[in-house]
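The lines below spell out each chain.
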Amino acid sequence: MKLEYLVAIVVILFAAQFFYGVANNPDSEFGGADGEAADMIAEMNPDYEPWFGGIGFEPPGGETESLLFALQAAFGAVVIGYTIGYYKGKGEKN
Amino acid sequence: MHIFEGFLPSPWWQIWFVVSIPVIMYGIYQMNKLVSQRREIVPLLAVAGAFIFVMSSLKLPSVTGSSSHPTGTGMAAILFGPAVTSVLSVIVLLYQSLFLAHGGLTTLGANVFSMGIAGPFVAYAFYKMASKAGMNFYLNVFLATAIANWVTYVITSLQLALAFPFEGSVFASFKMFALVFATTQVPLAIMEGALTALIMKYVVQVKSDVLVGLNVLTSSAATKLREAME
Chain A
1 MKLEYLVAIV VILFAAQFFY GVANNPDSEF GGADGEAADM IAEMNPDYEP WFGGIGFEPP
61 GGETESLLFA LQAAFGAVVI GYTIGYYKGK GEKN
Chain B
1 MHIFEGFLPS PWWQIWFVVS IPVIMYGIYQ MNKLVSQRRE IVPLLAVAGA FIFVMSSLKL
61 PSVTGSSSHP TGTGMAAILF GPAVTSVLSV IVLLYQSLFL AHGGLTTLGA NVFSMGIAGP
121 FVAYAFYKMA SKAGMNFYLN VFLATAIANW VTYVITSLQL ALAFPFEGSV FASFKMFALV
181 FATTQVPLAI MEGALTALIM KYVVQVKSDV LVGLNVLTSS AATKLREAME
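Quick note, the sequences are listed as chains A and B, same order.
Here the first sequence is numbered in the working numbering, starting from 1 and rising by one per residue.
Here the second sequence is numbered in the working numbering, starting from 1 and rising by one per residue.
Just so you know, these hints were derived from the structure itself, not from any lab.
Quick caveat: nothing in here was measured; it's all calculated off a predicted structure.
You may find that some hints are simply not true.
As the list claims (entries may be wrong) - Below are the DSSO-like pairs computed for lysine-lysine, each with C-alpha atoms no more than 27 Å apart in a straight line:
| # | chain 1 | residue 1 | chain 2 | residue 2 |
| --- | --- | --- | --- | --- |
| 1 | A | Lys2 | B | Lys132 |
| 2 | B | Lys201 | A | Lys2 |
| 3 | B | Lys128 | B | Lys224 |
| 4 | A | Lys88 | B | Lys201 |
| 5 | A | Lys90 | B | Lys224 |
| 6 | B | Lys201 | B | Lys224 |
| 7 | B | Lys128 | B | Lys201 |
| 8 | A | Lys90 | B | Lys201 |
| 9 | A | Lys2 | A | Lys90 |
| 10 | B | Lys132 | B | Lys33 |
| 11 | A | Lys88 | B | Lys33 |
| 12 | B | Lys224 | A | Lys2 |
| 13 | B | Lys33 | B | Lys128 |
| 14 | A | Lys90 | B | Lys33 |
| 15 | A | Lys2 | B | Lys128 |
| 16 | B | Lys224 | B | Lys132 |
| 17 | B | Lys59 | B | Lys175 |
| 18 | B | Lys224 | A | Lys88 |
| 19 | B | Lys59 | B | Lys201 |
Just chain A, with the same shape it has in the complex (with noise of 0.2 Å):
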């Protein structure tokens, strides 16, 4: 069980980090680093234009987005859930 301890410590600490960071940024939308990447790109290039884009599905809001986030991690999560029971229930039997 001193495992789980450690790690929900851990979890404690990071959702403590987040509050505080709200606490700090105020303002901020807590938008991706990979966003905040692109725009220095276009700061520290004015000119650079992604040169190709626009294929594959663009999910049309951030709801849908959500979703499609949620059913990567539903899918995941279910994978997980079910090898580990199935391993379980296995060794059980034996």
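Given chain A, put chain B in place with the hints provided.
Chain B in isolation, oriented as in the chain A frame:
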């Protein structure tokens, strides 16, 4: 975080494809071999891939007011090595670039290199060395995973810096990009390392023989870990 579509000019996007493709091919070969010789690892391979899926979908906010996500590649690297991890990463990166407009097809080579090859490779090397040196298994998993995450972002910064030197200096540009990511990634990597260590604990608990078969643990180390749980 992935480099956006179209954000790597020629010749950089081609270069990263050239570097990544042989590793991916070798990874596919290795994966096929593993799956055909050791059927029992298939579920674990699924877990490793699923873990990357979950982790890279979690956009977590950080203290500096930006968000980024863990990579989840540390676990796959420890279990199966960097080449197989690169194949799993390609699947996740394709999903994200095709359905979420995150990352891109032209930058796929570069993104696979940073997330699926460089990070996992360093994590794998670290894990093997620390495990030889007798480091505690969970601590080792924690550190290797966090390192995989950090290396990924260091390499991403380097890739961007090479393509976009600041006033002619790659190093100046590297420092700027690395700074953007560093503050977001440090807490994230710690979180990711802790979660991976916890999942590995459950794998040891329910299926330690597979870990022994994959040379992740020696059988004496596995026995010791299981005894410690009782």
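For the pair we were handed, Lys201 of chain B and Lys2 of chain A, check the Cα-Cα distance against 27 Å.
holds (11 Å)
Lys128 of chain B paired with Lys224 of chain B [C-alpha distance capped at 27 Å]
Holds - the C-alpha atoms of Lys224 of chain B and Lys128 of chain B are around 18 Å apart, at most 27 Å.
Is it true that the CA of Lys88 of chain A sits at most 27 Å from the CA of Lys33 of chain B?
Holds, at about 26 Å.
Agreement of Lys59 of chain B and Lys201 of chain B with the hint, judged by alpha carbon distance not exceeding 27 Å
Holds, at roughly 25 Å.
Starting from Lys88 of chain A, check that the Cα of Lys201 of chain B is at most 27 Å away, please.
Holds: Lys88 of chain A and Lys201 of chain B sit about 13 Å apart, inside 27 Å.
Distance restraint between Lys90 of chain A and Lys33 of chain B, which requires alpha-carbon spacing of 27 Å or less
holds (25 Å)
For the pair supplied as a hint, Lys90 of chain A and Lys224 of chain B, is the alpha-carbon distance within the 27 Å limit?
Holds: Lys90 of chain A and Lys224 of chain B sit about 22 Å apart, inside 27 Å.
Need the status of pair Lys132 of chain B, Lys33 of chain B: alpha-carbon distance at most 27 Å?
holds (26 Å)
Would you mind confirming whether the straight-line C-alpha gap from Lys2 of chain A to Lys132 of chain B stays at or under 27 Å?
holds (24 Å)
Hinted pair Lys224 of chain B and Lys88 of chain A, Cα distance within 27 Å
holds (19 Å)
For Lys2 of chain A and Lys128 of chain B, compute the direct alpha-carbon distance and say whether it is at most 27 Å.
holds (24 Å)
Mind checking the alpha carbons of Lys33 of chain B and Lys128 of chain B for me, to see if they're no more than 27 Å apart?
With a Cα-Cα distance of about 22 Å, the restraint between Lys33 of chain B and Lys128 of chain B holds, given a limit of 27 Å.
Violated hints are absent here; each numbered hint is respected by the structure.
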